[in-house]
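Student: Since the structure of chain A is provided, determine the placement of chain B on it from the hints.
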Amino acid sequence: MTRVGLLIFGVIATIGFAAIILVGLPRVALFSVTAPPELQPYDPVQQRGRHVYIANGCVYCHSQQIRNAAFTTDVLRGWGDRASVPADYVYDRPHLLGTMRTGPDLINVGVRLPNADWHLIHLYDPRSLVEWSIMPAFPYLFEEKDPEAVGPGDRVVPVRGPRAPAGKVVVATEDALALVEYLLSLRRVYPVPEVESAPGAEGVGPAAGAAGAAAARAPASGPGGRTMP
Amino acid sequence: MSRPGEAREPPGALSVPGAGLPLEEEVDIRLRADASSRRPVLVCFTTALFWLLLGSIAGDVSSLKLHLPDLLVRQGWLTFGRQRTVHLNAMIYGWASLAMLGVSLWIVPRLVHNTLRWPRLATAGVVVWNVGVAIGIALILAGINDGIEWLEMHRYLADPLLVVGGGMVGVTLLVTLLSRKVDHLYVSVWYMFGAFVWFPVIYVIGNWPTFHGVESGAVNWFYAHNALGLWLTAVGLGAIYYFIPKVLGRPIYSYQLSLLGFWGLAFFYSLNGMHHLVGGPIPTWMITTSIVASVLMIIPVLAVAVNHHMTMIGRFSALRYSPTLRFVVLGAIAYTAVSLQGMFTALREVNRITHFTQWTIAHSHVGVYAFVTFVLFGSMYYIMPRMVRREWPSERLIRWHFWLVLSGIAIYVIALTVVGVWQGLALIDPQVPFQRTVEIQRPGLVARSVAGLLLTAGHVVFVWHYWRMVRGPAAARELPPFYGVRPIVYTEPGGKP
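If you're matching them up, the sequences are chains A and B in order. Counting from 0, one number per residue, gives the positions in the first sequence under numbering that gives the first Met the number 0. Counting from 0, one number per residue, gives the positions in the second sequence under numbering that gives the first Met the number 0.
Just chain A, with the same shape it has in the complex (with noise of 0.2 Å):
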């Protein structure tokens, strides 16, 4: 090649076109998909709380996102009923689908772990809870305060075992509250219109199909429990 003109334009051709089809095209195509009734906004405390799961990066080892059942087996796992469509994001800015699951998925840790108490002992001492976990513990979330100077607003924790402060009482701070009241909004369980042809659910059509039926066989002919090498 001698021109640079040649060059320029294709150069912004080509990314032209792609940002046309995988930014553009779905602008308009997702435009009108609305929240579901049940759905609610993030009231501030949620807000606040889904900021603190961004700030210490809990994306980096928990999904939310259930995908269809005739795909892989995220519901067979327990983690939802439904395959999750656009609607269930309405109000998440930014996006929290996630590309690891060193952890669980989290989309429906509020129906599945409804108890804000285990979720603040989980976040204080996982390995309190949960022998075999390998999330990190965060101390840093909560304060360890003398049994006298606890106020009548603190949430006292009833945190137990080997890790527990000696003579202390271990006390959420609001980043710790407002997480676990993010985790508890985490429900998609309404109902959503036809999830099988949901507009824009991915694992629909004739190729999500054909995968779906060898995934259907593949729990029954697979590793099962078997220990690879």
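Fair warning: there could be bad hints in the mix.
Short derived list, chain B residues pointing at chain A, Cβ under 8 Å [to be verified]:
1) Pro68
2) Thr78
3) Gly80
4) Thr84
5) Ile147
6) Gly193
7) Ser215
8) Gly216
9) Ser269
10) Gly272
11) Glu438
I should point out that these hints are in silico values taken from the structure, not numbers from a laboratory. Even for Gly, the Cβ is constructed at its ideal location relative to N, Cα and C.
Tutor: Below, chain B without anything else, positioned relative to chain A:
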């Protein structure tokens, strides 16, 4: 007949523009080009190495925490979620991007037989970029980030500095290109030109604040995949296209394949991003588009692979005396490997298993480390002696660097790929409790920490060597390292090339 040691230009390097000029004139053009880009290139490399060390430490801390979860938990800035994010941002925007700016600033003036125009603007741009990365990383440690993977640095306080700084460097390269002294644009220039146009476009789209819901997810992966494909890969391939012919003194195998590889990458790679959301709640047609484009990547990838391999073929013995070639050729092989792996991973049936597992982490390190970082190391081995007019002081340190990082990345990739598949098979089997999918990862996570420490040790060796070269007592060494290694290629005058 001169022997092609690292520091000499083999007279047969006819693959680059200017072929046919008298040797003295050609050398003179290069010397002037090198002198003009010296300051900005050195600022790029030195700061890039700072970020490399910082990113290595953050990576090691993150890795250790995954199997020692109660390590360093008392402070928020040391938590896994922030250290991992610092690792990614320091490596991508600090180390790789700054080293790429340096390599581009050095290669482009040479290839267009020009001096770097407005070098002070370039240096200022590099400084602005660094300030942006520093602010972004400090805020991440403080718990202030945008929450979007690969775009965590602050949208208003950090990111604009990268666009402005990168733009300043881009302008100097564009002016250098427009006032060029040769007609033909060599393939490396295409890639680097493309990268400097693509990066600001995708970066601004990715950071645009109005997206929400699943659209924000789509834009996230549109950006993040293109940051790999149209920024890191583009400059990385540009450098490979420069250094393989340069060190071997042999032209690139096929001009047509270069064209196919470049335009194929521009067209197909830019559509790949949605394969990160296979199965997710975004319209099926978007994911299918990306899967198709991912598979079509086989065209440019094979074109580039054949082109590089056919240029190398018969000359692999040159790897013995050229550290540049050793790193760059391994990087080129890793590019082919990671691209084929990426295509395969994009397929729905494979993705069902590998999605959400450590497989992805291994894959990304084949790309950013075994491909891009190796190419950048190789480039620095070639460029630095021409910047400071000294040879690398120690063969031993080069060997240590090479073998530490090679063994480190090999252990890293093998360990996480294996446990990734295992974890994935467990995850899609509802009979297996989730606990098991966590326990399965453990040996891989421990092995990855060992690998991470090897990589960090390699980086420390390299930085120490770099420091000795730049700041140490004037080098006693007159000949390049490995000069004594018998070159097989050029010993026979008139012999077959």
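Student: Minimum Cβ distance from glycine 193/B to chain A below 8 Å?
Tutor: Holds. Min distance 5 Å.
Student: Would the hint on glycine 216/B stand, with a C-beta cut-off of 8 Å toward chain A?
Tutor: 4 Å, holds
Student: Measuring from the C-beta of threonine 84/B to each C-beta in chain A, is the shortest one below 8 Å?
Tutor: 6 Å, holds
Student: Does the interface hint hold: is glycine 272/B within less than 8 Å of chain A, judged Cβ to Cβ?
Tutor: 6 Å, holds
Student: Return the status of the interface hint for serine 269/B: holds when the least beta-carbon distance to chain A is below 8 Å, violated otherwise.
Tutor: 3 Å, holds
Student: Identify whether the interface hint at glutamate 438/B stands, where standing means a beta carbon of chain A within less than 8 Å of its own.
Tutor: 6 Å, holds
Student: Next item in the hint list is proline 68/B. Is there a CB on chain A closer than 8 Å to its CB?
Tutor: Holds. Min distance 5 Å.
Student: Is the interface hint for glycine 80/B satisfied, with its Cβ closer than 8 Å to some Cβ of chain A?
Tutor: 2 Å, holds
Student: Holds or violated: is the Cβ of serine 215/B closer than 8 Å to a Cβ in chain A?
Tutor: Result: holds, 4 Å to nearest chain A Cβ.
Student: Is the shortest C-beta separation between threonine 78/B and chain A less than 8 Å?
Tutor: 5 Å, holds
Student: Hint isoleucine 147/B vs chain A: min CB-CB distance below 8 Å?
Tutor: Since the shortest Cβ distance to chain A is 5 Å, the answer is holds.
Checked against the numbered hints given earlier, this structure breaks none of them.
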